[in-house]
Structures are given as C-alpha cells and as structure tokens.
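**Student:** Sequence:
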Amino acid sequence: MSANSSRSGAVRRMTLMSNAPRFALGQIVATPGALELLEQAGFSALALISRHVHGDWGDCCVEDKATNELSVQQGMRVMSVYRLVDAERLLQTPQEKRSSLPTIWIITEADRSVTTLLLPEDY
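Counting along the sequence shown from 1, when you hit position 47 you're at 47 in UniProt numbering, and nothing is skipped either side.
Hint data in this document are derived by calculation from the structure and do not stem from the laboratory.
For every residue, glycine included, the Cβ atom is placed at its ideal position computed from N, Cα and C.
Any given hint could be a false lead.
[As the list claims (entries may be wrong)] What follows is a list of derived Cβ distance ranges for each label pair:
#, residue 1, residue 2, range
1, Pro102, Gln73, 17 to 23 Å
2, Ala45, Met76, 33 to 39 Å
3, Glu69, Glu39, 29 to 35 Å
4, Gly42, Val62, 27 to 33 Å
5, Ala110, Gln40, 29 to 35 Å
6, Leu91, Ala47, 15 to 21 Å
7, Gly26, Ala87, 27 to 33 Å
8, Leu35, Asp56, 20 to 26 Å
9, Pro94, Ala20, 34 to 40 Å
10, Ser44, Glu88, 14 to 20 Å
Work out the full structure: start from the sequences and follow the hints.
**Tutor:** Spelled out as structure tokens, the structure:
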C-alpha cells in the first residue's frame, strides 16, 4: 500500500502553499475613503494586498472565487472583498447582511497595470 492510499480506497489530497504571488499587482493605489477606513478599523493595507495576491479572495461568494481563479489563469480582472471585522464577528454575521460591515475591495486590472484599494461606494 502506498503512502497516499488507504484501505477504504479514498483519495487523499495534499494542498501545497507558496509564498509566490499568483499575479502581478502593477502600481498600488488607494482611494482616500479606503485609507481612512483602514486606519479607523486598524487593518493593514499590506496584509490585505498580500492576501489578495496570494489568492485569498476574502468574503467573495463561491461564483466570484471561481471567476477570480479563471481570471488569474486568463489575465482578466481580479477582485477581492475584505470585511474589516474580526473573524468571530464575520462568522456571526449572516451572508446576506455582510455588506453592512466595513468593507474594502481590492481590484487588480486585467492588464495588471494597477491594483486599487477602494470602498464599494467608490466604484
């Protein structure tokens, strides 16, 4: 029996993590509103950008996450959604009410020339 097989015949999966960015960010810019919210909420823009470029799309729906995966492969626009609250509060908030939480969007353009941090209302 090999190390990757089991008696039940179930397939084991292994996820490999990498520190390599998944796509180019280009110039990084932010709207004044996004910078103000990050400061008020005590969140790091650099930490959110790191999550974005490594494929942690934040609080996106399943369909948007799949679109982002395709976008990385095909060179299209990539968008992440981050709620600026602690993990416990996020989990306690129903999905349909999360848009009321403090939110930052990060969008990397298809040509990878610019990545923008913005508020949803800045779009």
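**Student:** Work down the list of hints and note, for each, if the structure agrees.
**Tutor:** For each hint, the structure was consulted:
{"no.": "1", "hint": "Pro102 x Gln73: 17 to 23 Å", "result": "violated (31 Å)"}
{"no.": "2", "hint": "Ala45 x Met76: 33 to 39 Å", "result": "violated (23 Å)"}
{"no.": "3", "hint": "Glu69 x Glu39: 29 to 35 Å", "result": "holds (31 Å)"}
{"no.": "4", "hint": "Gly42 x Val62: 27 to 33 Å", "result": "holds (29 Å)"}
{"no.": "5", "hint": "Ala110 x Gln40: 29 to 35 Å", "result": "holds (31 Å)"}
{"no.": "6", "hint": "Leu91 x Ala47: 15 to 21 Å", "result": "holds (19 Å)"}
{"no.": "7", "hint": "Gly26 x Ala87: 27 to 33 Å", "result": "holds (30 Å)"}
{"no.": "8", "hint": "Leu35 x Asp56: 20 to 26 Å", "result": "holds (21 Å)"}
{"no.": "9", "hint": "Pro94 x Ala20: 34 to 40 Å", "result": "holds (35 Å)"}
{"no.": "10", "hint": "Ser44 x Glu88: 14 to 20 Å", "result": "holds (19 Å)"}
Comparing the model with each numbered hint stated earlier shows that hints 1, 2 do not hold.
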